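Let's have the full structure, built from the sequences with the hints guiding it.
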Amino acid sequence: MTPAALDTTILAVLAPFAAAIIAPFATKVLKHNAAWLLAIVPLLIFLHFTRFVPGVSEGEVYTVAKEWVPAYGVTLSFYLDGLSTLFAMLISGIGTFIILYAGGYLKGHPQQGRFFSFLFMFMGAMLGLVTSDNLLSLFIFWELTSITSFLLIGFDHLRAASRRAALQALLVTGGGGLALLAGFLLIMQVTGMSQMSQVLAGGDVLRNSGLYLPILILVLGGAFTKSAQFPFHFWLPNAMEAPTPVSAFLHSATMVKAGVYLLMRMHPALGGTEVWMTVLPLFGGITLLVGTVLAVRQTDLKLMLAYTTVASLGLLVMLTGTSSQKALEGAVLYLLAHSLFKGALFMVAGIIDHETGTRDVTKLGGLRKAMPITFAAAALAGLSMAGLPPFIGFIAKEVLYYGTWGLSSGALLITAVAVAGNALMLVIAAAVAIKPFFGPEVHTPKHAHEGPALLWAGPVVLSLTGLAAALLAHSTGELFIGPMLSSLMGAQTAVELHLIPGYISAPLILSIITVALGIGLFLMLDRLRAAVAGVLKAIGWGPDKGFDQFVAAIVRLSTGITRLLQGGSMQTYMAVVFLATGAALLLPAVFANGMPQVPEWPEFRFYEWAVILIAVAGLGAVLFANTRLTAIVTLGIQGFAVALIFMLFGAPDLSFTQFMVETLSVVILALVMTRLNLSPRDHRPMLARIVSLGIAGAVGLGFTLVLLAITQQPFDARLSEFFTQYSRVIAHGRNIVNVIIVDFRGFDTLGEIAVVVLTGLAVLALIRVRTKPEPETAKGGKTTKTKPAEAR
1 MTPAALDTTI
11 LAVLAPFAAA
21 IIAPFATKVL
31 KHNAAWLLAI
41 VPLLIFLHFT
51 RFVPGVSEGE
61 VYTVAKEWVP
71 AYGVTLSFYL
81 DGLSTLFAML
91 ISGIGTFIIL
101 YAGGYLKGHP
111 QQGRFFSFLF
121 MFMGAMLGLV
131 TSDNLLSLFI
141 FWELTSITSF
151 LLIGFDHLRA
161 ASRRAALQAL
171 LVTGGGGLAL
181 LAGFLLIMQV
191 TGMSQMSQVL
201 AGGDVLRNSG
211 LYLPILILVL
221 GGAFTKSAQF
231 PFHFWLPNAM
241 EAPTPVSAFL
251 HSATMVKAGV
261 YLLMRMHPAL
271 GGTEVWMTVL
281 PLFGGITLLV
291 GTVLAVRQTD
301 LKLMLAYTTV
311 ASLGLLVMLT
321 GTSSQKALEG
331 AVLYLLAHSL
341 FKGALFMVAG
351 IIDHETGTRD
361 VTKLGGLRKA
371 MPITFAAAAL
381 AGLSMAGLPP
391 FIGFIAKEVL
401 YYGTWGLSSG
411 ALLITAVAVA
421 GNALMLVIAA
431 AVAIKPFFGP
441 EVHTPKHAHE
451 GPALLWAGPV
461 VLSLTGLAAA
471 LLAHSTGELF
481 IGPMLSSLMG
491 AQTAVELHLI
501 PGYISAPLIL
511 SIITVALGIG
521 LFLMLDRLRA
531 AVAGVLKAIG
541 WGPDKGFDQF
551 VAAIVRLSTG
561 ITRLLQGGSM
571 QTYMAVVFLA
581 TGAALLLPAV
591 FANGMPQVPE
601 WPEFRFYEWA
611 VILIAVAGLG
621 AVLFANTRLT
631 AIVTLGIQGF
641 AVALIFMLFG
651 APDLSFTQFM
661 VETLSVVILA
671 LVMTRLNLSP
681 RDHRPMLARI
691 VSLGIAGAVG
701 LGFTLVLLAI
711 TQQPFDARLS
721 EFFTQYSRVI
731 AHGRNIVNVI
741 IVDFRGFDTL
751 GEIAVVVLTG
761 LAVLALIRVR
771 TKPEPETAKG
781 GKTTKTKPAE
791 AR
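The opening residue of the sequence shown carries number 1 in UniProt numbering; numbering runs sequentially from there.
Hints are computed from structural coordinates only; laboratory data are not their basis.
Fair warning: this is a prediction, and the values are worked out from it, not measured in the lab.
C-beta atoms are modelled at their ideal positions from N, C-alpha and C, and glycine is treated no differently.
Treat the hints with care, as some may be off.
Unchecked claim - DEER-style ranges, computed between Cβ atoms:
{"#": "1", "residue 1": "P231", "residue 2": "H498", "range": "32 to 42 angstroms"}
{"#": "2", "residue 1": "L619", "residue 2": "L707", "range": "13 to 23 angstroms"}
{"#": "3", "residue 1": "Q549", "residue 2": "V576", "range": "40 to 50 angstroms"}
{"#": "4", "residue 1": "L619", "residue 2": "D653", "range": "24 to 34 angstroms"}
{"#": "5", "residue 1": "V763", "residue 2": "A552", "range": "40 to 50 angstroms"}
{"#": "6", "residue 1": "W609", "residue 2": "N738", "range": "28 to 38 angstroms"}
{"#": "7", "residue 1": "T362", "residue 2": "I10", "range": "13 to 23 angstroms"}
{"#": "8", "residue 1": "R689", "residue 2": "F723", "range": "55 to 65 angstroms"}
{"#": "9", "residue 1": "I710", "residue 2": "L619", "range": "21 to 31 angstroms"}
{"#": "10", "residue 1": "P596", "residue 2": "A552", "range": "45 to 55 angstroms"}
{"#": "11", "residue 1": "S720", "residue 2": "S197", "range": "25 to 35 angstroms"}
{"#": "12", "residue 1": "L158", "residue 2": "H498", "range": "50 to 60 angstroms"}
{"#": "13", "residue 1": "A552", "residue 2": "G760", "range": "44 to 54 angstroms"}
What the hints assert, rightly or not - Result set (DSS-like, lysine-lysine): computed pairs, CA atoms no more than 30 angstroms apart in a straight line:
{"#": "14", "residue 1": "K107", "residue 2": "K363"}
{"#": "15", "residue 1": "K435", "residue 2": "K363"}
{"#": "16", "residue 1": "K107", "residue 2": "K28"}
{"#": "17", "residue 1": "K107", "residue 2": "K369"}
{"#": "18", "residue 1": "K435", "residue 2": "K107"}
{"#": "19", "residue 1": "K446", "residue 2": "K363"}
Listed below in structure tokens is the structure:
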């Protein structure tokens with residue numbers, strides 16, 4: 001592969017973001033034809049990544065990197081092997097038809113341009129996620145998928161259900177993303193590497209680390225939330241509030257498979273351990289069964305498909321968790337099959353809804369004559385989902401059964417879970433692909449008719465691709481499945497796929513059992529649906545309701561904390577601030593051996609004793625003042641004493657500044673006091689006074705210790721020498737202090753002047769405030785005059 005082609009990869013990943021900017025303008029100009037033009041972008045991206053297939057199939061790995069944030073070690077680097085290349089092709093290839101589909105589905109929608117923009121941003125985020133080599137850039141794209149999916153799910157933001165679903169998806173996947181970031185930071189700490197390719201080549205470094213378990217838990221937290229594993233599965237069906245183009249894209253090859261991609265990508269570094277092979281099959285198996293059972297209960301076509309997506313993701317996680325080569329082969333093969341048939345079926349569900357006005361499977365029937373092309377696409381995709389020949393879904397089922405049956409431990413249990421889940425998925429495939437099209441014609445809200453080419457082009461091509469992938473099984477295995485499996489195994493691995501089994505084997509028998517069980521359950525679908533609904537009603541509580549309760553609890557907790565910490569009392573605020581300051585100053589000195597040496601008592605001159613006596617007298621005046629106003633005025637005595645110290649030690653300009661600041665402070669505080677309705681004295685109980693005394697003493701002692709510690713450090717004269725050397729040469733001034741203030745710290749001084757000016761304006765406004773007496777009112781025949789209103 002030429003360097004130019006590798007550099008083009010960066011443009012290919014970033015191209016959707018450029019298209020997102022152009023999309024609203026193109027839609028405004030081209031109207032209904034914009035989709036055809038915009039679809040060229042993902043098509044070109046797809047063609048670009050196909051150029052890597054020959055090399056990747058031979059075991060080549062391609063990397064390209066550009067500096068992004070070098071100060072933090074973040075590079076915009078991309079890593080292309082069998083896994084990332086196929087994911088990129090699925091995202092861009094299916095994305096091409098999703099753009100076309102959206103053009104027909106949202107035809108005439110006033111916000112169609114905005115929708116295209118969100119779709120392209122989502123596509124770019126997914127491409128960046130699956131191709132990123134740098135861990136931090138991968139995380140950025142990971143979180144960007146959460147943000148863009150939030151925009152897509154909540155596209156119809158005027159509906160409360162859409163807003164809730166979008167927020168739920170963002171909170172669940174965003175929380176998992178934070179866990180993933182922590183996991184990546186630990187990986188970087190353990191390995192000293194920030195590139196995924198380096199981590200994967202590191203062998204057993206992570207597995208042998210004492211931080212392996214925390215890293216695994218954090219990575220699984222990100223993967224399980226993104227790929228909707230139990231108990232985080234509830235957000236994905238609720239995401240069906242999004243328009244159908246979003247559902248088809250999100251469920252086929254993009255966001256929901258990001259977690260599966262991460263687990264497959266990290267398998268060479270984290271997989272193969274006892275914890276890995278226990279946790280993943282356990283949660284994946286539960287998710288498979290929960291998803292299929294909940295799918296049986298539904299009558300909405302999109303919800304039926306959504307819950308089977310949850311189940312399929314559970315199946316992929318379960319197979320990935322086995323760390324068995326044959327099971328992993330079944331996982332990557334099923335991932336490809338699922339992307340093709342699920343994308344097609346979701347678009348079929350959208351066509352039915354768009355052209356009939358309903359998605360309720362109980363209100364549909366006899367559509368095969370009115371919608372022959374849609375029916376053909378649904379039939380082909382449904383057969384692949386059911387795992388029947390001659391489709392890629394059949395080969396995937398055979399291979400995964402071969403992998404689960406041959407496991408060294410837990411083979412029977414994992415195989416039984418896979419058979420049960422696949423049988424129930426056959427039920428849903430038949431319900432979606434057969435029920436709406438056969439039987440007597442049913443009156444629908446809209447007159448049923450075939451949709452435009454923009455709508456059916458995607459499902460037709462994807463379903464035929466699933467058929468072609470099975471008929472060309474050998475090439476599929478050699479070009480795509482083998483390289484993907486090599487990425488998971490961390491070594492070059494050959495794969496041979498065959499459409500027709502060569503002999504009677506356990507996987508073939510398991511397939512026959514699956515089909516027979518699925519047909520039997522489909523024939524009693526209504527009773528099965530009622531039974532599942534009854535069980536769920538009896539259980540009552542579920543994770544979806546639990547999410548609402550969790551969010552409500554967080555709101556109540558945050559409200560309580562806010563009322564505690566932000567109760568409206570300035571006295572409390574100041575106490576907390578000074579308490580935190582005192583703790584920050586004292587605790588390091590006490591617990592980190594930071595106590596300075598106690599200096600010898602110096603011999604003061606008589607005028608230095610006079611300054612000290614002035615400061616002490618001012619302190620006593622503050623403590624024993626009769627009124628608040630007197631305390632504030634006498635508070636300035638300490639400031640004047642400090643100004644005198646500055647003057648005695650040769651800093652007249654600093655002394656003058658101190659005099660001005662203290663004078664201004666006293667004036668402002670006195671003016672504020674005259675405008676507030678405060679009692680003349682501070683009537684606090686003795687306990688409150690003791691607490692305030694303790695906090696003040698802690699802060700004072702803390703600053704004293706810090707100043708002593710600083711003065712006992714060796715003096716670094718480099719800064720002084722710099723100003724001495726260059727003040728005359730550069731700034732042409734002999735007074736070093738003036739030069740520093742005016743030239744070297746010019747902007748800082750300008751900021752200080754601005755603060756003083758604003759303070760003066762505030763004081764002027766405060767002086768000009770006048771209280772207005774309230775009008776006289778008559779009470780009992782007498783005229784009275786109310787007190788002046790408080791200044792606010």
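Hint check for L619 and I710 - Cβ pair distance inside 21 to 31 angstroms: Between I710 and L619, where Cβ atoms are some 24 angstroms apart, the hint holds.
Is 50 to 60 angstroms a correct range for the gap between the Cβ atoms of L158 and H498? For L158 and H498 the Cβ distance comes to about 53 angstroms; the hint holds.
Return holds or violated for the Cβ distance of Q549 and V576 against the range 40 to 50 angstroms. For Q549 and V576 the Cβ distance comes to about 31 angstroms; the hint is violated.
CB of V763 to CB of A552, is that within 40 to 50 angstroms? 47 angstroms, holds
Within 45 to 55 angstroms: is that where the Cβ-Cβ distance between P596 and A552 falls? 51 angstroms, holds
State, for the Cβ atoms of T362 and I10, whether the hinted interval 13 to 23 angstroms holds or is violated. 50 angstroms, violated
Restraint status (C-alpha distance of K107 to K363 at most 30 angstroms): 25 angstroms, holds
Can the suggested window of 13 to 23 angstroms be confirmed for the beta-carbon pair L619 and L707? 18 angstroms, holds
Given the hint of 32 to 42 angstroms, is the C-beta distance from P231 to H498 inside that range or not? Distance hint for P231, H498 holds at roughly 39 angstroms.
Regarding the pair K435 and K363, is the alpha-carbon distance no greater than 30 angstroms? 10 angstroms, holds
Please test the hint of 44 to 54 angstroms on the beta carbon pair from A552 and G760. Between A552 and G760, where Cβ atoms are some 49 angstroms apart, the hint holds.
Does K28 sit within 30 angstroms of K107, going by the straight-line distance between their CA atoms? OK: K107 and K28 at ~12 angstroms, within 30 angstroms.
The structure fails to meet hints 3, 7, 8 and 11 from the earlier list, while all remaining hints are met.
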